[in-house]
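Asks: Mind docking chain B on chain A? Use the hints.
There are 2 protein chains.
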Amino acid sequence: MTPKNPTTAPTLFDLEAPVAKKTKRTTGAKATKKAGTTRKKPAAKAKPATGTRRRTSAETMASRQREISVSEFFTKNRHLLGFDSPLKALLTAVKEAVDNSLDACEEAGVLPEISVEIEQTGESRYKMSVEDNGPGIVEEQVGKVFGKLLYGSKFHKLSQSRGQQGIGITAAGMYGQLTTGKPIRILSKTGKRRDTHEFLLTIDTARNRPDIHDTKIAKWEKDHGTRVEIEMEARYQKGLRSVDMYLKQTAIANPHLTLHYTDPAGEKVTYERNTKELPPETIEIKPHPHGVELGVLIAMLKETKSRSLSGFLKEEFSRVGTKVVKDVIATAGKGLSEKSYPSRIAREEASALHAAIQKTKISAPSTDCIAPIGDDLILKGLKKEIEADFYYASSRPPAVYRGNPFQIEVGIAYGKPGGVGLEVTDEGRIRKKKNSAEVTEDLVSAADEPIRVLRFANRVPLLHQQSACSINKGVVQTNWRQYGLQHPRGALPIGPMAVLVHIASVWVPFTSESKEAIASYPEILKEIRLALQECGRKLGTYIRKGKRLKREFEKRSYIEKYIPHIGIALQEILDLSDGQRDDTVETLEDVLHKSRKF
Amino acid sequence: MTPKNPTTAPTLFDLEAPVAKKTKRTTGAKATKKAGTTRKKPAAKAKPATGTRRRTSAETMASRQREISVSEFFTKNRHLLGFDSPLKALLTAVKEAVDNSLDACEEAGVLPEISVEIEQTGESRYKMSVEDNGPGIVEEQVGKVFGKLLYGSKFHKLSQSRGQQGIGITAAGMYGQLTTGKPIRILSKTGKRRDTHEFLLTIDTARNRPDIHDTKIAKWEKDHGTRVEIEMEARYQKGLRSVDMYLKQTAIANPHLTLHYTDPAGEKVTYERNTKELPPETIEIKPHPHGVELGVLIAMLKETKSRSLSGFLKEEFSRVGTKVVKDVIATAGKGLSEKSYPSRIAREEASALHAAIQKTKISAPSTDCIAPIGDDLILKGLKKEIEADFYYASSRPPAVYRGNPFQIEVGIAYGKPGGVGLEVTDEGRIRKKKNSAEVTEDLVSAADEPIRVLRFANRVPLLHQQSACSINKGVVQTNWRQYGLQHPRGALPIGPMAVLVHIASVWVPFTSESKEAIASYPEILKEIRLALQECGRKLGTYIRKGKRLKREFEKRSYIEKYIPHIGIALQEILDLSDGQRDDTVETLEDVLHKSRKF
Chain A
340 MTPKNPTTAP TLFDLEAPVA KKTKRTTGAK ATKKAGTTRK KPAAKAKPAT
390 GTRRRTSAET MASRQREISV SEFFTKNRHL LGFDSPLKAL LTAVKEAVDN
440 SLDACEEAGV LPEISVEIEQ TGESRYKMSV EDNGPGIVEE QVGKVFGKLL
490 YGSKFHKLSQ SRGQQGIGIT AAGMYGQLTT GKPIRILSKT GKRRDTHEFL
540 LTIDTARNRP DIHDTKIAKW EKDHGTRVEI EMEARYQKGL RSVDMYLKQT
590 AIANPHLTLH YTDPAGEKVT YERNTKELPP ETIEIKPHPH GVELGVLIAM
640 LKETKSRSLS GFLKEEFSRV GTKVVKDVIA TAGKGLSEKS YPSRIAREEA
690 SALHAAIQKT KISAPSTDCI APIGDDLILK GLKKEIEADF YYASSRPPAV
740 YRGNPFQIEV GIAYGKPGGV GLEVTDEGRI RKKKNSAEVT EDLVSAADEP
790 IRVLRFANRV PLLHQQSACS INKGVVQTNW RQYGLQHPRG ALPIGPMAVL
840 VHIASVWVPF TSESKEAIAS YPEILKEIRL ALQECGRKLG TYIRKGKRLK
890 REFEKRSYIE KYIPHIGIAL QEILDLSDGQ RDDTVETLED VLHKSRKF
Chain B
340 MTPKNPTTAP TLFDLEAPVA KKTKRTTGAK ATKKAGTTRK KPAAKAKPAT
390 GTRRRTSAET MASRQREISV SEFFTKNRHL LGFDSPLKAL LTAVKEAVDN
440 SLDACEEAGV LPEISVEIEQ TGESRYKMSV EDNGPGIVEE QVGKVFGKLL
490 YGSKFHKLSQ SRGQQGIGIT AAGMYGQLTT GKPIRILSKT GKRRDTHEFL
540 LTIDTARNRP DIHDTKIAKW EKDHGTRVEI EMEARYQKGL RSVDMYLKQT
590 AIANPHLTLH YTDPAGEKVT YERNTKELPP ETIEIKPHPH GVELGVLIAM
640 LKETKSRSLS GFLKEEFSRV GTKVVKDVIA TAGKGLSEKS YPSRIAREEA
690 SALHAAIQKT KISAPSTDCI APIGDDLILK GLKKEIEADF YYASSRPPAV
740 YRGNPFQIEV GIAYGKPGGV GLEVTDEGRI RKKKNSAEVT EDLVSAADEP
790 IRVLRFANRV PLLHQQSACS INKGVVQTNW RQYGLQHPRG ALPIGPMAVL
840 VHIASVWVPF TSESKEAIAS YPEILKEIRL ALQECGRKLG TYIRKGKRLK
890 REFEKRSYIE KYIPHIGIAL QEILDLSDGQ RDDTVETLED VLHKSRKF
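Residue numbers (the numbering used here), protein chains in the order written: chain A, 340 to 937; chain B, 340 to 937.
Bound-form chain A, shown alone (with noise of 0.2 Å):
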């Protein structure tokens, strides 16, 4: 296909036609028009371009050079941080605002308690309001931590958190702000004998800073708390992804949360807590040499405090000790030593302790860092809201990326396929399971739909983007025919089967600010791959089991069938008693059974 020409040059369009033909255009010439478009012509005053005359110069240009502040970029790019409609806004907006209760409120070891109210407040308008009982938030930060993009506690650290950008829910203000022109209303107290303070600010988007309209003190009955009220352009809709929708799998995935909401129908429901335990304090880590890109290096080499070159390796990074050190000097060579004083290593120095370390074998990343679901709380979910006949859970050891641990658990449910809802007793019979009943080969033919995928990442649920999710392309890339499922070729296998797959991180790499897909870097393809498989094996047994169980069960039926009449003829042979034949009857009976091996 590419042309190998050096110097002639493969035109792409072999045009020797006048150039007026191609630029009719540019040069106000009458275009003919195709039929059935109706393209307008460009105004006549777009002046005639020729090839040489200059339009702008380079100082023009630099005039004209400005910079963008953060706020205005996301502003015109607001489909970036999920406010791209109305009916998803109003999700993202919750998410957000749910998502930061819950870290802070197990940041701060507090039982999260959250109630979330969605009003109505016009036509296409609806009012959001999300209340904690979390730590609060003191009076000078509350003004950044609503009203300036990228500012946050979450970032700089390598910890599993929900938030990690610092720009949720300032994002979601100024959708607020975008759409209905109200400031987001704010309350916070961080403590019994504290004031309650209440805010009304915008967020000055030219200059990425809040703007404090009003602030007074409250009165607010809670011990501690924060409270935010966004208004903004909404729509509002129950289903698959609806804000009713997230707010119950947060609940599944979240069982120390007791969570109140009010949908604008009025409608009140309560999630109440399983567990009075809060998840595992989860441990910040150091980043881990393997993860360590060059560049990354070489500025913590320059910013360290250290002064030696085995202090910085053994302070900066996790699972580096003496013996790593010493293999990493020895490996890097260039006149390196431990006493080598870090900032004055050069570019050249540096690059051969970055191929070093990532020849030196080092053991992987701490796993105290990540909190994950666990098999027992998965499968407890998935048989809540799931009816199934199999349940399956199953979890990876931690893994890397760039040097980022991560885990991931898989979860499936698998129901009312043919021949499934048999069991076989101690006695070696095979008989209907009680709960099964409704079992028919209808609805196994009827479930000819793809399955469903559960996605969460740090124990949010994500309810948009499936397809650029790799959490999907795991689902997608995995041969389910082999465990006994249909499987269209490129896309999601067919059967009535629900999938969860949990990734828990110290960073979730998000396919955009709206983190509502994960990135497809391959380690992280590989776990889920890894983890599907596992839960595909057993699944699998389970379907070739109750395949074979019921071939079975159909034969025995078929040889039941003909034991009273065998009973029949002996007695009328043996001229046996009424209840002679009966015994015989039954001895047949245990007989098959115990010689037609399951």
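Worth flagging that the hints you see were computed from the coordinates, not collected in a lab. Where hints are given, some of them may not hold.
Chain copies aren't distinguished; within one or between two, either way the pair holds.
Dumping the calculated DSS-like pairs for lysine-lysine here, alpha-carbon to alpha-carbon at most 27 Å [what the hints assert, rightly or not]:
| id | residue 1 | residue 2 |
| --- | --- | --- |
| 1 | Lys427 | Lys812 |
| 2 | Lys722 | Lys641 |
| 3 | Lys577 | Lys427 |
| 4 | Lys700 | Lys644 |
| 5 | Lys415 | Lys483 |
| 6 | Lys678 | Lys812 |
| 7 | Lys625 | Lys415 |
Replies: Leaving out everything else, chain B in the frame of chain A:
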């Protein structure tokens, strides 16, 4: 699904079981291992978390709150910028540099001549050099243009350009620096008698500003231009998503460009320009009133220099004349008049004004801000690229999303299906087309692959994230079955076809900063579908005609087979000479072709 019970709480986990069981990771109780899973137990040092113990106070949290530099943000999230894999990184870097060169040349009115060179510098390292004959960059701006994210001239104006965010080339440099530690090298010359400035710079990511290492006057034979060199960790590979393919498609969409390319093997290719006319200079426009959100309107009212509402509306917006002003103000009410002083208009009045604008009929935005490729050039490009039997191009009239004008152009190339490759001559004969001798039935049934979609935004080819792109969605959502193609539900249609879709807009809404896919705004999706339908109808006619032609061709061949025998029979019966017989046969054949209408 949604629990409705207001008080007793529909618990999602009915956990009456001992709490220890659910929190085994926390309490350190022995985990019951699942067969086949090898999850490590958490390190014992994770302290048990009790429900109420305070881990961190609001004050401690406040002390951790920090500003996040936009460069740090994108370094950590480099997949957002298209630098998630070494293969993609090389393409993204070349793309950003070439896009900038094209924008600069067009803005300056210079016919672009661009050289791209990729050189392997290490096992997994490549150096990319892109050189143009553009206007150059004034010395003082070089640092910021290449060393500061969110800095540029294209963000704040509404006019069609390739770059728009002020991120791209700096991000490429940042990636190079991150993976190799090496600075970007830049040459710039703004005029014949001016100096060539050479810069070596890196990006100070913590502060988002350039760090200029070295600058000197260099020798350069060019009159004016810019050259960028970035070395990075990368992988080079030919194929559908390669640098080669990007450059080839760029040449298709930019026929005024001469492009020299040297690949890592030293192979040189030149794509000569086919026209000496630049695309029409696109006009910078003012926002259209219908696309302005309330929040933006309020900010504009605050910042305008106009001293009356009527002046404000006329000066700050496009398409607003005296009549529109009168209508809007009358509809708004709230005591607003033409003389109202803009910055004194309160939120409530602004809100009424906003609603009034939405209700008032205002002519569509002017369209000279958009420079489409044109049906003509699209057809020529397709014909050059793709060997097919049928080509068609269709443009939609300009439309608007969120106040931003855009225009959709579509071209299709359909090739070598069953029965096509036939044509009707002037005499009504059906014969094989000259250039489709190789058409066989085999080829047709082999065409069971999904069609190929070529995506362009402001003349830039998009090679990644196809499934997330609204262009792809538009193709999938169009019902191709009615036009004679196979079309599996929710997937691309099947057939020997390529579809090219170009969106030209003053602001292309990309789904991420890497500009790989277009967000699915309903207005855009609708225009894409309408343009595709227009092409589809023509395609349908063609395919049906092809099928009819084929049937007719078979029928006639069948009849023709017997005509000589009829001739012989007639010769015998009527005692004709050989000449008369041949004349009769010829007449019969003529009659056949004339009587059987097609």
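Asks: So, for every hint listed, does it hold in this structure?
Replies: To see whether the hints hold, each was checked on the structure:
1. For the identical chains of this complex, Lys427 and Lys812 are neighbours both inside a copy (23 Å) and across copies (18 Å), given an alpha-carbon limit of 27 Å.
2. In this assembly of identical chains, Lys722 and Lys641 lie within 27 Å of each other by CA distance neither inside one copy nor across copies; the values are 53 Å within and 56 Å between.
3. Proximity of Lys577 to Lys427 under the C-alpha cut-off of 27 Å is restricted to the intra-copy arrangement: shortest distance 12 Å within a copy versus 39 Å between copies.
4. Only within a single protomer do Lys700 and Lys644 lie at most 27 Å apart by alpha-carbon distance; the minimum there is 26 Å, versus 65 Å between protomers.
5. Taking the shortest alpha-carbon separations for Lys415 and Lys483, both the intra-copy value of 21 Å and the inter-copy value of 22 Å come in at or below 27 Å.
6. Taking identical chains as interchangeable, the C-alpha atoms of Lys678 and Lys812 are never at most 27 Å apart, the minima being 48 Å within one chain and 59 Å between chains.
7. Taking identical chains as interchangeable, the C-alpha atoms of Lys625 and Lys415 lie at most 27 Å apart only when they sit on different chains, with a minimum of 15 Å there against 36 Å within one chain.
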